[in-house]
Amino acid sequence: DAKTTQPNSMESNEEEPVHLPCNHSTISGTDYIHWYRQLPSQGPEYVIHGLTSNVNNRMASLAIAEDRKSSTLILHRATLRDAAVYYCILRPSNNAGNMLTFGGGTRLMVKP
Amino acid sequence: KAGVTQTPRYLIKTRGQQVTLSCSPISGHRSVSWYQQTPGQGLQFLFEYFSETQRNKGNFPGRFSGRQFSNSRSEMNVSTLELGDSALYLCASSFPGGLGAFFGQGTRLTVV
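Top to bottom, those sequences are chains A and B.
With the numbering used here, the residue at position 70 of the first sequence is 70, and numbering never jumps.
Take the position in the second sequence, starting the count at 1, then add 1000; the result is the number in the numbering used here.
Bear in mind the hints are in silico, worked out from the structure with no lab data behind them.
Among these hints, one or two may not hold up.
[Unchecked claim] Calculated Cβ distances over 12 angstroms to all of chain B for the following chain A residues:
hint : residue
1    : Glu14
2    : His19
3    : Glu45
[Unchecked claim] Now the stretches of chain A that chain B is said to cover, found in silico as 3 or more residues with beta-carbon under 8 angstroms:
hint : stretch
4    : 37–44
5    : 98–105
Note that the Cβ used here is the ideal one computed from N, Cα and C, for glycine as well.
Please work from the sequences and hints to get the whole structure.
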């Protein structure tokens, strides 16, 4: 699977927007970009995914660069409950199963 | 709708013993995968089952095995436990062809 690069940690203030970057310069044309997060003492939780266009859901927005070599997960108003490790993962479209390759992720700290 | 259920939540075993962990997927999900999470190696894929057949396997020794039953419930077994097998073992399920995986809270195994 293609590799992703994320900062080890980021800090944010409560109720401010957070932009979590991910670089994936070796992405192939059929790779989906997935984001998961893992809250303390929990299993990972699916956040959002996209292929080429920007995506929005109730949890977050995903902005994908035009060349698809990077993406940004946007939390519009960070809350203390958003403190977690965020993982950016590339998933080939022919991977119909759950074989996810996790990197180190970004640990997001939210200050009150 | 019930989430992914893993049992037991905590387990302490002695080196050399074997252990069996259980995972009940979300109703209707036929794909079940297993991951090991340790502080040093992060989240690593173990194997995935779909319709009672192993579909993918990660880079783990043969002491790690699994199976899936006709009701999609899955078990993983670790034989001849080593201290390094101490980890959080996570199970995830998804619909066939679904792009999002749903994780359980995990089983924390401690080998002493």
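Structure-based check of each hint:
no.: 1; hint: Glu14; verdict: holds (26 angstroms)
no.: 2; hint: His19; verdict: holds (22 angstroms)
no.: 3; hint: Glu45; verdict: violated (7 angstroms)
no.: 4; hint: 37–44; verdict: holds (count 4)
no.: 5; hint: 98–105; verdict: holds (count 8)
Checked against the numbered hints given earlier, the structure breaks only hint 3 and satisfies all the rest.
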